[in-house]
Amino acid sequence: MSEGSEVLVAHEGGRIAVRKTYKLYMGGTFHRSESGRTFVVRDASGGFLANAALASRKDARDAVVAARTAFGTWSGMPAHNRGQVLYRVAEVLEARRTQFASEMQVATGVSTETALHEVDAAVDRWIWYAGWADKIAQVRGGMNPVAGPFLNFSVPEPSGVAAVLAPQDSALLGLVSVIAPAIVSGGTAVVVASSRYPLPAITLSEVLAASEVPGGVVNVLTGDVAEISPWLASHLDVNAIDVTGAPGVLADDLAAAAAHNLKRVIRPPFGDWTTDPGLDRLIGYLETKTVWHPLAW
Amino acid sequence: MRFEYAPAPESRAVITLRDSYGLFIGGSFVAGSSVFKTISPATEDVLAEVTLGGAEDVDRAVAAARHAYERTWSVMPGKERGKYLFRIARLITERARELAVLETLDNGMPILQARDVDVPLASAHFFYHAGWADKLGYAGFGPSPRPLGVAGQVIPWNFPLLMLAWKIAPALACGNTVVLKPAETTPLTALLFAEICADADLPPGVVNVVTGDGGTGHSLVAHPGIDKIAFTGARSVGKEIARMCAVSGKRLTLELGGTATNIVFDDADVDQAVEGIVNGIFFNQGHVCCTGSRLLVQESVAGTFLDALRSRMARLRLGDPLDRNTDIGAINSRAQLDKITSLVSSGTADGASRWSAPCTLPDHGFWFPPTLLTEVPSASRIMQEEIFGPVLSVATFSTPEEALVKANGAPYGLSAGVWTQQGALLLQMSSALRAGVIWANTFNRFDPSSPFGGYKESGFGREGGRHGLEAYLDVVSAGDVGGGIGV
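For the protein sequence lines, the chains are A and B, in the order given. Letter by letter, the first sequence follows residues 1 to 297 in the working numbering. Letter by letter, the second sequence follows residues 1 to 487 in the working numbering.
There may be inaccurate statements among the hints.
Taking lysine to aspartate or glutamate pairs in the DMTMM-like style, the calculated list, with each CA pair at most 20 Å apart, reads [claimed, not checked]:
1) A:Lys58 to A:Glu34
2) B:Lys83 to A:Glu34
3) B:Lys83 to A:Asp120
4) A:Lys135 to B:Glu470
5) B:Lys79 to A:Asp120
6) B:Lys79 to A:Glu34
Some, not all, of what chain A presents toward chain B, calculated at C-beta under 10 Å [claimed, not checked]:
7) Ala50
8) Lys135
9) Leu295
Reference listing, derived: stretches of chain B covered by chain A, where coverage requires no fewer than 3 residues with Cβ under 8 Å from a Cβ of chain A [claimed, not checked]:
10) 8-15
11) 51-57
12) 114-128
Hint data in this document are derived by calculation from the structure and do not stem from the laboratory. Glycine is no exception: its CB is placed at the ideal position from the N, C-alpha and C atoms.
Sequences are here, hints too, so could you generate the full structure?
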């Protein structure tokens, strides 16, 4: 037992702490891997933290089915309501601020102050994207003044199901920064958590489950990104892939595999997660639909 | 077949009225120099005593707003400003029933409209604009648009809380501070809103509420410490404000009502159109700036359409605004009732035929039955002036061109409605109508993301949506000035 993990495992007065089982999050509920496999997650000092589920190819495929099933409801919801749901995630995350900070501290060894700062930034990131839900259409869409008696306008629409490989280094802020833009416009996601820091992703899933995010909108897999991601990159019912969490060579391979059904590949240059995220990621998950209609007396 | 309705009154127990209300200046309620009483238009009972803001009160409020603007609000990062607006949105929703009952008591609108339209839209407006506070650089007004400063906002009595939200939410999101003057007859929800601002820990002075009458509004518009005026109300007052701002150089947006026309073509779905037109004119007793007060029906279907309309109107339930079965509430004031009565008389004197729905008017309070005027001459005052009451004037047309001439002939241009199953005709009419909002096969739809505002003498500037932000941003110099506020 390392010193840091005492934050999680209190045993005052001889009481033995109750440990949590970390499962996969799919279709709104928590499951062990169908493969029965787990892997050991260690804290910053190398001590045992938990056995996380080691997701398999079948888990990944099941997660895609859950994401596809949720797509109709989520993308059909008014943008205002999606914004409300994302804001609710921020509210619930803020309320669990210290829980996340202590988990991050244990996992990464950062100071309390740094951990709290990252949680705050993650809350603010949800709020930033919550506000975009009912605004992106006016920023990215509009009327087209075609030369003829037609009403012609363009609107952004979500691509569909995204595979999101969360960054390996940023356990919460980076994770939120890749999930929120994938879902804010109505898309649904299969997220592969950081292999190094998978536990905050599962704890975040508990926040999502408590925030009225419909089941299946975000599905979280833990395991080996190199094992799972090729199946997602080549999956014909996945419409986009964010390869942020894959090391360089693997990312190239995944982008190439994604070309099979012309997935949208999200691969922004590496950035500092604490800076203004801009619109690149959000726009990466959008299609543009143009509608023509005649004008006549 | 007629159904009997048991009374279904909303409880007044959710509200606690104080005997007397001060002005909300610099984050707390303060006494003013004199007071007036606000009454319930449904019963004429006094609800509370309210402060009549004088010139010196306006001066204090403007000073508080200026202080908050310079020290706090304009220098706060947008994402933090936004959090206050999110809080306000949530607090409005949490106190929604209380606000709705208070609105109905003070205004006379049916409780269902207060509960399902006025209050939830007000909350949604804050929620929507909260999200803009840290995204102003993406709104198309330059990379770092700046706020204007202190906004003086004068709002009407028809949707007191919603009009407050339309004014305050974008102003705050863009980094301005405000002095709001609610309508003389409906100050109470604005005062409850002031409590909500305090509960949200909104920095003192960011929102100031000065109740009063026309004189209070005049002091606000004339105050040299104000950078921008936003006014919703009567056209004559709007023109006077425009003259004042022309001299003072204040930025100005105006929303001045209208005489919206609903145009029904012979292929329209009759049931859908009747429902939409009834909603369009009788919603909130016609106390809606975009109310569909004029109806143009294509000649070939006019007879059957008007029969269907009368039949629907006869089933409207007029009475206690707090009753959940009520469709038509009270007229907001005796002055407004007198104006409606006078305009209807002028219409019948011009040759129009009057038909009113058979309903019993309560003994106390201000009431006017849902009324139809047919064979109204185009030049009649009632076709040209805003009546702001439950009175629908009907004329007919034979061709789309004729309908357009009649619809566009009014000096106003706030909104219009078109009813037809032909998409191409619908859109062609929409592009030819000279009005700021066109409803196609629907009417009186509002959304915080949808810009609202008029053409011609209905005013200028838009409220809502990306376009509405412009009213509170210094977009002229945004490209020239570095820095700007935090976004």
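Hint-by-hint comparison with the structure:
1. A:Lys58 to A:Glu34: The hint holds at about 7 Å.
2. B:Lys83 to A:Glu34: Not satisfied, since the Cα-Cα distance of roughly 42 Å exceeds 20 Å.
3. B:Lys83 to A:Asp120: Judged against 20 Å, a Cα distance of about 13 Å means the pair holds.
4. A:Lys135 to B:Glu470: holds, 15 Å
5. B:Lys79 to A:Asp120: holds, 12 Å
6. B:Lys79 to A:Glu34: Not satisfied, since the Cα-Cα distance of roughly 42 Å exceeds 20 Å.
7. Ala50: violated, 34 Å
8. Lys135: holds, 6 Å
9. Leu295: Hint holds; Leu295 of chain A Cβ to chain B Cβ min 4 Å, cut 10 Å.
10. 8-15: Coverage by chain A is violated for the region 8-15 of chain B (0 residues, Cβ < 8 Å).
11. 51-57: Since 0 is below three, the answer is violated.
12. 114-128: Three-residue rule met by the region 114-128 of chain B, so holds; n is 3.
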